[in-house]
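*Asks:* Go ahead and model the full structure; you've got the sequences and the hints to work with.
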Amino acid sequence: MWLDALEQHAEGAGPLHRLDPRVKLLGTLAFVALVVATPLDRWRFLAVEGLILALVVGLSGVPPRALLGRWLGFVSLIGFFAVMVALNRPSGERLSAAMSVLARNSLAFLAVLTLSAVTPFPKLLGALRRLGTPLVLVATLHFMYRYLHIFVEELDRMTKARRSRTFRRSGRLDWALLTSLIGVLFVRALERGERVHDAMIARGWDGTFRTLDGADL
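My numbering puts the first residue of the sequence shown at 1, with every later residue one more than the last.
Careful, some of the hints might be misleading.
Simulated restraints, written as ranges between beta carbons of each label pair [stated by the list, open to error]:
#, residue 1, residue 2, range
1, TRP205, PHE80, 22 to 28 Å
2, ALA33, ARG165, 49 to 55 Å
3, THR133, ARG165, 42 to 48 Å
4, VAL48, TRP205, 44 to 50 Å
5, SER164, LEU26, 25 to 31 Å
6, ARG195, ARG65, 39 to 45 Å
7, ARG203, SER96, 23 to 29 Å
8, GLY132, MET84, 20 to 26 Å
9, LEU135, ARG65, 37 to 43 Å
10, GLY69, LEU95, 25 to 31 Å
11, ARG192, LYS160, 41 to 47 Å
12, GLY69, VAL196, 32 to 38 Å
13, VAL83, VAL23, 33 to 39 Å
Bear in mind the hints are in silico, worked out from the structure with no lab data behind them.
Just so you know, these numbers come straight off a predicted model, no measurement behind them.
Positions of the beta carbon are idealized from the N, C-alpha and C atoms, including for glycine.
*Replies:* This is the structure we're talking about:
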């Protein structure tokens with residue numbers, strides 16, 4: 001499943017993998033804050049930040065191609081925002097402003113990607129909890145992570161079933177069919193959530209996630 005590819009490098013033995021998740025999380029947040037605070041026309045600072053990120057990526061052992069593929073998808077989204085910012089600048093500064101916005105957001109996005117690539121998501125949740133994040137937020141993120149995989153598999157099964165009942169030359173689904181599948185998936189998600197909640201209450205759920213290594217969230 002494509003979601004599994006997001007963490008295929010998380011269980012490693014590199015120097016960043018062995019680092020405390022809290023240190024990695026705080027370091028990533030500090031780097032993102034530094035990048036966001038960099039003025040638009042400070043290309044030297046952006047270059048230094050890019051070199052720092054390149055060094056971290058090299059230490060992580062994550063193939064640059066894996067990061068590049070996800071970065072290209074991100075560029076298609078942030079490019080529109082960069083153009084909107086550039087249009088509000090003087091004509092002689094528009095290109096520089098657009099490139100600066102794109103560079104800053106790309107550095108922040110790649111930093112977060114690197115963090116997720118060297119740290120399993122459950123360990124990140126444990127780091128958030130030990131840093132004082134409210135339990136309700138950690139629990140919400142935990143359930144989102146756990147059931148996202150289930151719903152992606154459910155959507156894949158529904159798509160295959162729909163295609164097997166639709167006789168077309170093309171195997172693609174149009175927007176009408178796709179939106180109907182998403183609507184049905186949403187209803188099933190609500191029903192599954194209610195059943196899971198009732199089962200948890202029946203088993204004495206007290207809001208604490210208990211793991212096999214004894215590190216409760």
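*Asks:* Is 42 to 48 Å a correct range for the gap between the Cβ atoms of THR133 and ARG165?
*Replies:* 45 Å, holds
*Asks:* For the hint 41 to 47 Å, verify it against the beta carbon of ARG192 and that of LYS160.
*Replies:* With Cβ atoms ~19 Å apart, the hint is violated.
*Asks:* Would you say the C-beta atoms of SER164 and LEU26 sit inside 25 to 31 Å of each other?
*Replies:* Once the Cβ atoms are compared, 49 Å apart, the range 25 to 31 Å for LEU26 and SER164 is violated.
*Asks:* Quick one: are VAL48 and TRP205 within 44 to 50 Å, going by C-beta?
*Replies:* 48 Å, holds
*Asks:* That 49 to 55 Å hint for ALA33 and ARG165 (C-beta), does it hold up?
*Replies:* 51 Å, holds
*Asks:* Should the hint that GLY132 and MET84 are 20 to 26 Å apart at their CB atoms be regarded as holding?
*Replies:* For MET84 against GLY132, whose Cβ atoms are near 36 Å apart, the range 20 to 26 Å is violated.
*Asks:* Does the Cβ pair TRP205, PHE80 satisfy 22 to 28 Å?
*Replies:* 43 Å, violated
*Asks:* Taking the beta carbons of ARG195 and ARG65, is their distance inside 39 to 45 Å?
*Replies:* Since ARG195 and ARG65 have Cβ atoms about 41 Å apart, the given range 39 to 45 Å holds.
*Asks:* Tell me if the beta carbons of VAL83 and VAL23 are separated by a distance inside 33 to 39 Å.
*Replies:* 37 Å Cβ-Cβ, so the 33 to 39 Å window holds.
*Asks:* I want to verify a distance hint. Is the separation of the beta carbons of GLY69 and VAL196 within 32 to 38 Å?
*Replies:* 33 Å, holds
*Asks:* Assuming the hint says 23 to 29 Å, is it satisfied by the Cβ distance from ARG203 to SER96 or not?
*Replies:* 58 Å, violated
*Asks:* For LEU135 and ARG65, compare the CB-CB distance with the range 37 to 43 Å and indicate the outcome.
*Replies:* Between LEU135 and ARG65, where Cβ atoms are some 38 Å apart, the hint holds.
In this structure, the hints that do not hold are numbers 1, 5, 7, 8 and 11, in rising order.
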